[in-house]
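K.L.:
The chain contents come next:
There are 2 protein chains.
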Amino acid sequence: MTGALPFQVQLALPEWIPDAVSGAGVVATDADKVALAIELSRRNVEARTGGPFGAVVFGPDHRVVAAAVNRVMPATCSLAHAEAMAYMLAQQRLGRARLNRDDEDRPLGPFVLATSSQPCCQCYGATVWAGIDRLLIGARSEDVEALTEFDEGPLPQDWVGELERRGITVVRDLLRDQARAVLRAYGEAGGDRY
Amino acid sequence: MTGALPFQVQLALPEWIPDAVSGAGVVATDADKVALAIELSRRNVEARTGGPFGAVVFGPDHRVVAAAVNRVMPATCSLAHAEAMAYMLAQQRLGRARLNRDDEDRPLGPFVLATSSQPCCQCYGATVWAGIDRLLIGARSEDVEALTEFDEGPLPQDWVGELERRGITVVRDLLRDQARAVLRAYGEAGGDRY
Numbered sequence: 001m002t003g004a005l006p007f008q009v010q011l012a013l014p015e016w017i018p019d020a021v022s023g024a025g026v027v028a029t030d031a032d033k034v035a036l037a038i039e040l041s042r043r044n045v046e047a048r049t050g051g052p053f054g055a056v057v058f059g060p061d062h063r064v065v066a067a068a069v070n071r072v073m074p075a076t077c078s079l080a081h082a083e084a085m086a087y088m089l090a091q092q093r094l095g096r097a098r099l100n101r102d103d104e105d106r107p108l109g110p111f112v113l114a115t116s117s118q119p120c121c122q123c124y125g126a127t128v129w130a131g132i133d134r135l136l137i138g139a140r141s142e143d144v145e146a147l148t149e150f151d152e153g154p155l156p157q158d159w160v161g162e163l164e165r166r167g168i169t170v171v172r173d174l175l176r177d178q179a180r181a182v183l184r185a186y187g188e189a190g191g192d193r194y
Numbered sequence: 001m002t003g004a005l006p007f008q009v010q011l012a013l014p015e016w017i018p019d020a021v022s023g024a025g026v027v028a029t030d031a032d033k034v035a036l037a038i039e040l041s042r043r044n045v046e047a048r049t050g051g052p053f054g055a056v057v058f059g060p061d062h063r064v065v066a067a068a069v070n071r072v073m074p075a076t077c078s079l080a081h082a083e084a085m086a087y088m089l090a091q092q093r094l095g096r097a098r099l100n101r102d103d104e105d106r107p108l109g110p111f112v113l114a115t116s117s118q119p120c121c122q123c124y125g126a127t128v129w130a131g132i133d134r135l136l137i138g139a140r141s142e143d144v145e146a147l148t149e150f151d152e153g154p155l156p157q158d159w160v161g162e163l164e165r166r167g168i169t170v171v172r173d174l175l176r177d178q179a180r181a182v183l184r185a186y187g188e189a190g191g192d193r194y
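Residue numbers (the working numbering), protein chains in the order written: chain E, 1 to 194; chain X, 1 to 194.
Chain E extracted, bound-state conformation (with noise of 0.2 Å):
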């Protein structure tokens, strides 16, 4: 180990995302937000700049806030998953580190996270803290660890109602065949493991 204390950290996405997506304008269903998410997912995968999965955070107004892809690799950064990524570029862009509360704590939203694939652990709890609505899913965990070789870690027993009871929406198998066929397509072609 060599060099100074670590003092910065920066993340960025691919340079191909903000072509895929400056065309999306009003995203109005919730299949069609999570069709973004598995394309961009597809895309990454393709691209080989990162792992397969893709996320989008949507604004009250159906538009594209922030969307993202899994970057862990490319980063050098275990927490740099596509969810992760989405929260922290829309943090950023609204300027407020709860998305849906302004700085009196009043309502803001709704904002929706769509992912390509259920949020992993570390995923699921950045969730938590985040400030969206709704959060909508293509593929389930048991897809991901059935079809790639990502684990997706420990959730609490009830890791719905748990989102729930915190005001956040939870919509499953949103495309779910779709967001699987990307998950089998690099699963099949032996992709690296983040």
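Incorrect hints may appear among the rest.
[As the list claims (entries may be wrong)] One-sided excerpt, in silico: chain E residues whose CB lies under 8 Å from chain X:
| no. | residue |
| --- | --- |
| 1 | Pro6 |
| 2 | Gln10 |
| 3 | Leu13 |
| 4 | Trp16 |
| 5 | Pro18 |
| 6 | Ala20 |
| 7 | Cys77 |
| 8 | Ser78 |
| 9 | Ala97 |
| 10 | Tyr124 |
| 11 | Pro156 |
| 12 | Val160 |
Please keep in mind that the hints were generated in silico from the structure rather than gathered at the bench. Ideal Cβ positions, reconstructed from N, Cα and C, are used throughout, including at glycine.
Got chain E; can you put chain X on it based on the hints?
P.N.:
This is chain X only, laid out in the frame that chain E set:
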């Protein structure tokens, strides 16, 4: 909401961190490792540069790999907890996304995270992936929740066992009273809840 789609996240430590850590040298014992994390939590409150939490990654030589504090409000980022910052900084310094494994998945540890308070639900999950062998904890979650207005979030019922089964030894209550004193001072001063 204005501006282009965000593309990059930057997270930085307060300027006083290198000065606070540079003289640490070899920190041999568990208690001394947690003492440094608590000292960082104390200074972060004193300098008003974030919440009352500090965390330090140590390498196999018992030297500091990365030291961090809570930066949620200054960085406008709900993920910028002390433990998450420490993991990201350590991984970037060592050039690998899993601290205790090389490219061939051979063990490199032990790597240790010392934290002033028990990790919240997000940093708990991040701990599963970061690549540490030992987790050293000062204050308990119930201390955090009793002495400040911070919520620690939902964890798996057997959260210690889940880590131990993944090869991470957990040691609790190290200098718990010292860690509690910082939390109490912060809570009594009515510090910003992130």
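K.L.:
When the nearest CB of chain X is found for tyrosine 124(E), is that gap smaller than 8 Å?
P.N.:
With Cβ-Cβ at 6 Å, under 8 Å, it holds.
K.L.:
Hint validation: proline 156(E) versus chain X, beta carbon distance must be below 8 Å. Holds or violated?
P.N.:
holds, 4 Å
K.L.:
Have a go at the leucine 13(E) hint: is there a Cβ in chain X nearer than 8 Å to its own Cβ?
P.N.:
holds, 5 Å
K.L.:
A closest beta-carbon separation below 8 Å is what the hint needs, so does serine 78(E) meet it against chain X?
P.N.:
Nearest chain X Cβ about 4 Å off; hint holds.
K.L.:
Can you verify the interface hint for alanine 20(E): is its Cβ closer than 8 Å to any Cβ in chain X?
P.N.:
violated, 10 Å
K.L.:
Should the interface hint for proline 6(E) be scored as holding, given a Cβ-Cβ cut-off of 8 Å against chain X?
P.N.:
Status holds, d = 4 Å.
K.L.:
Against chain X, with CB atoms and a cut of 8 Å, does the hint on proline 18(E) hold up?
P.N.:
Result: holds, 5 Å to nearest chain X Cβ.
K.L.:
Hint validation: tryptophan 16(E) versus chain X, beta carbon distance must be below 8 Å. Holds or violated?
P.N.:
violated, 11 Å
K.L.:
Close enough to count: is the Cβ of alanine 97(E) nearer than 8 Å to one in chain X?
P.N.:
For alanine 97(E), the interface hint holds, since the closest Cβ of chain X sits about 5 Å away, which is under 8 Å.
K.L.:
At a threshold of 8 Å, is the proposed contact between cysteine 77(E) and chain X supported by beta-carbon distances?
P.N.:
holds, 5 Å
K.L.:
Against chain X, run the beta carbon of valine 160(E) and see if the smallest gap drops under 8 Å.
P.N.:
This interface hint is violated because 11 Å lies over the 8 Å limit.
K.L.:
Tell me if glutamine 10(E) is really an interface residue toward chain X, meaning its C-beta lies closer than 8 Å to one of theirs.
P.N.:
Holds, because the Cβ-Cβ distance from glutamine 10(E) to chain X comes to roughly 5 Å (cut-off 8 Å).
Hints 4, 6 and 12 from the earlier list are contradicted by this structure; the remaining hints agree with it.
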